[in-house]
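K.L.:
Sequence:
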Amino acid sequence: MAAQVGSVYAKMTDKEAECCVSIMVHAVGRVPEARQQAAAASTLAAALAKGDEKPEERMSALLSLFAMVAANAPAQLAVLLAAAGFAAASTSPKCRATFCASVRGKAARWAAEWKLSPTESRRLFLALAAPMRGAPDRPTTREHLALVGSALALTGAGDDRSPEVVEAAAAALADYLRSAAVLTLDLLPLPGVAGLASHAKYGPLHKLVAAVLAGDVSAARAAAVPAALEACGAGLTADGVLSKARMTALLSKCAAAGHGEVALSELKAALDVPEDQVAPWVVRAIGAKLLEGRLDSVRGTLTVGRSTHPAFGQAQWTKLGSQLAALKETVAAAAGAMASVRPPPQVSARGVAQAAAARVAA
1 MAAQVGSVYA
11 KMTDKEAECC
21 VSIMVHAVGR
31 VPEARQQAAA
41 ASTLAAALAK
51 GDEKPEERMS
61 ALLSLFAMVA
71 ANAPAQLAVL
81 LAAAGFAAAS
91 TSPKCRATFC
101 ASVRGKAARW
111 AAEWKLSPTE
121 SRRLFLALAA
131 PMRGAPDRPT
141 TREHLALVGS
151 ALALTGAGDD
161 RSPEVVEAAA
171 AALADYLRSA
181 AVLTLDLLPL
191 PGVAGLASHA
201 KYGPLHKLVA
211 AVLAGDVSAA
221 RAAAVPAALE
231 ACGAGLTADG
241 VLSKARMTAL
251 LSKCAAAGHG
261 EVALSELKAA
271 LDVPEDQVAP
281 WVVRAIGAKL
291 LEGRLDSVRG
301 TLTVGRSTHP
311 AFGQAQWTKL
321 GSQLAALKET
331 VAAAAGAMAS
341 VRPPPQVSAR
351 GVAQAAAARV
361 AA
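Note that full-length UniProt numbering has the sequence shown beginning at 1, numbered continuously upward.
Check each hint, because a few of them may be wrong.
[As the list claims (entries may be wrong)] In the DSS-like style, the derived pairs of lysine-lysine whose C-alpha atoms are separated by at most 25 Å in a straight line are:
id	residue 1	residue 2
1	Lys54	Lys11
2	Lys268	Lys289
3	Lys207	Lys253
4	Lys106	Lys94
5	Lys15	Lys50
6	Lys50	Lys115
7	Lys15	Lys94
8	Lys54	Lys94
9	Lys253	Lys201
10	Lys253	Lys268
11	Lys94	Lys11
12	Lys207	Lys115
13	Lys15	Lys54
14	Lys50	Lys11
Hints were generated in silico from the structure; no laboratory data involved.
Using the sequences plus the hints, can you model the full thing?
P.N.:
Here it is, written out as structure tokens:
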């Protein structure tokens, strides 16, 4: 039956094709033996992912097949990889969006449930990340960066220079630069990303991302050379790079201040803008919910309540661990002090009972 999938979509009406493919999907679901079912699911998935006619309908059938073999991990993995490859190659935005929405936030759970090896998990993460490259929405871009990070964290020695890893790492950096809504990136320390610094094609891109992530506006301006912008692909301009670098510089200064104050003169120097442009940048960050704070134009300060961290790496995790440990000690000390304090007799349970007995006796 799988061999006829192309003819079904090419020669039948939409309704007829949907009915025929649905019968095929349910037939695979009824195969009793696990290995045979996995083989049948893999064959049907490959047939569905082979053509380019009616991509939305094919993706819907692939996702239905994935759900139909829910009790068979090898079958689900085969179908999911086929669907990911089909979505990555598809020119239909709706097809890609449907796939991305269906898998978002589930990759780690699937890898754990299916007991995948590190190599298999990396393959899965990279496959799921591929259709998300260049996505226009923030949730999908964030998922793309997270999947690439999870995959590169599983990359063994020597694998960080493989073409697959290099292209995935470069695509993640490009998506970070293109997205005006994504201001956090934790990938630079990973070997697969760090190796791009010496790459012939993607070295300029890595240098540009490092400058932007550091909030160094002058370095970002110098690094925004044509080679870096071309490596990023369409949709990125030097002005867009500087805008992102300025927002990152603002967030870096505010994150470093914690819950303290930052002088507007410091922000002016960091953002490399005229004095009257500092407040609009702060308002913009607050409006985007990247920052919480209060401007005091009289004193020339910004009181920071909360700030997004442009990068949340080992240093930030160490600081957070120290803060949590200190909080734990404070709470334990307060609980111990409260336990050692005995309430006055008149408010204790025994005191209340004695007072009630005295009133009854009187």
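K.L.:
Out of the numbered hints, which ones does the structure contradict?
P.N.:
6, 9 and 12
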